[in-house]
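Everything in the sequence shown is counted per the working numbering, starting at 2 for the first residue and increasing by one.
Among the hints, erroneous ones may be present.
[Claimed, not checked] Here are the simulated BS3-like pairs of lysine-lysine, each with C-alpha atoms no more than 27 Å apart in a straight line:
1) K111 <-> K64
2) K122 <-> K108
3) K122 <-> K168
4) K64 <-> K24
5) K194 <-> K39
6) K108 <-> K64
[Unchecked claim] Derived CB-CB ranges, DEER-like:
7) A208 <-> G149: 32 to 38 Å
8) D103 <-> Q131: 40 to 46 Å
9) S146 <-> E173: 44 to 50 Å
10) K97 <-> G237: 29 to 35 Å
11) R222 <-> E42: 22 to 28 Å
12) A175 <-> E200: 35 to 41 Å
13) S165 <-> D247: 19 to 25 Å
14) E230 <-> E68: 24 to 30 Å
15) T102 <-> S165: 24 to 30 Å
16) P126 <-> D192: 37 to 43 Å
17) S165 <-> F93: 21 to 27 Å
18) D247 <-> G79: 41 to 47 Å
19) A175 <-> S146: 19 to 25 Å
Everything labelled a hint here was simulated from the structure, so no lab data went into it.
All of these numbers come straight from a predicted model, not from anything done at the bench.
From the three backbone atoms N, C-alpha and C, an ideal C-beta is built for every residue, glycine too.
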Amino acid sequence: MGHALITAGTSGLGRKVIEEFLKMGHYVTTTYHSDYKKAQEVRQELEQYNHLLHIEQADVTSKNNMEILVEKAVTRHGGIDYLINNAGPFIFERKKLLDYTDDEWHKMIKGNLDAVFNLLKLTVPYMREQRFGRIVNYGFQGANSAPGWPYRSAFSAAKSGLVSLTKTVAFEEAEYQITSNMVCPGNIVGDMKEASIAESRQVHDDATPVGRSGTGEDIARTIMYLCDENSDMITGAIFDVTGGLDVIHRYR
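Work out the full structure: start from the sequences and follow the hints.
Have a look at this one:
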């Protein structure tokens with residue numbers, strides 16, 4: 002039994018991730034930003050795991066919030082075995098770089114890159130001490146080659162920087178049996194973020210080469226594989242989970 006810290010796990014792609022960790026018998030500490038009602042609904046849905054699940058309100062862009070979060074998590078369930086950096090702001094409006102405001106730019110960098118830096122600083126010491134740890138960050142399709150993503154400049158810049166950070170941590174922490182990897186979701190939108198693979202197979206998706214939409218379960222399954230004790234040979238790796246869809250050039 003381990004302890005997973007999963008940011009923003011009460012909705013979106015994180016929802017299936019916390020469920021999979023709980024099913025495996027792990028303690029889970031997760032966060033929500035502002036949707037208290039949704040967090041309570043998740044607690045009720047996962048009532049059978051309430052002895053394993055702890056939910057905290059937190060803003061990942063606040064270093065102070067992250068310090069308090071980790072302190073509470075460790076006090077409640079002990080050291081951190083798994084860090085899943087699921088949270089990350091995204092601007093849905095498609096706009097060119099020169100149309101971004103300073104606040105929007107800084108929000109993307111703080112939420113998608115700085116937040117991971119802060120959580121690594123807070124959690125890796127526990128992983129070093131126990132000589133085991135699994136870190137999983139989120140990217141975007143093709144992030145490994147730092148491609149240009151039209152109309153998503155701030156987000157893609159932050160995530161491309163996170164690719165390098167993911168790999169660097171993998172090299173630096175390997176001696177402590179800590180792995181660091183990245184998953185890159187495809188075009189998973191709407192209800193599909195919290196859906197199962199079985200549900201997605203009920204509706205054919207012409208836009209995705211495999212014929213169905215990606216789901217939260219697809220991401221969760223990938224993460225659980227990377228977090229397995231015997232997946233220690235996989236580190237510094239970037240995994241596209243897209244069903245063959247070219248997300249970046251889809252709307253060009």
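Status of the hints after comparison with the structure:
Simply put, K111 and K64 have alpha-carbon atoms about 10 Å apart, close enough for the 27 Å limit, and the pair holds. Our distance criterion of 27 Å between C-alpha atoms is met by K122 and K108, whose separation comes to about 20 Å. Simply put, K122 and K168 have alpha-carbon atoms about 16 Å apart, close enough for the 27 Å limit, and the pair holds. Distance check on the hinted pair: K64 and K24 sit about 30 Å apart at the alpha-carbon level, beyond 27 Å; violated.
With a C-alpha separation of about 14 Å, the suggested pairing of K194 with K39 holds against the 27 Å cut-off. Between the alpha carbons of K108 and K64 the distance comes to roughly 14 Å, so the proposed pair stays at or under 27 Å and holds. Roughly 22 Å separates the CB atoms of A208 and G149, a value that falls outside the hinted 32 to 38 Å. Between D103 and Q131 the CB atoms are about 41 Å apart, so this pair conforms to the stated range of 40 to 46 Å.
Distance hint check: the CB atoms of S146 and E173 are about 22 Å apart, inconsistent with the given range 44 to 50 Å. The hinted window of 29 to 35 Å between K97 and G237 holds, with their beta carbons roughly 33 Å apart. Between R222 and E42, the C-beta spacing of about 23 Å keeps the proposed range 22 to 28 Å intact. The hint said 35 to 41 Å for the Cβ distance between A175 and E200, and at roughly 38 Å that hint holds.
About 23 Å separates the C-beta atoms of S165 and D247, a value consistent with the hinted range of 19 to 25 Å. At roughly 29 Å, the beta carbons of E230 and E68 sit within the given window of 24 to 30 Å. Restraint check, T102 to S165: a C-beta distance of roughly 26 Å satisfies the suggested window 24 to 30 Å. A hinted range of 37 to 43 Å holds for the C-beta pair P126 and D192, which are about 39 Å apart.
The given range of 21 to 27 Å is respected by S165 and F93, whose C-beta atoms sit roughly 26 Å from each other. A hinted range of 41 to 47 Å holds for the C-beta pair D247 and G79, which are about 43 Å apart. Taken as a hint, the range 19 to 25 Å holds for the pair A175 and S146, whose Cβ atoms sit roughly 23 Å apart.
Violated hints, in rising order: 4, 7 and 9; the structure is consistent with all others.
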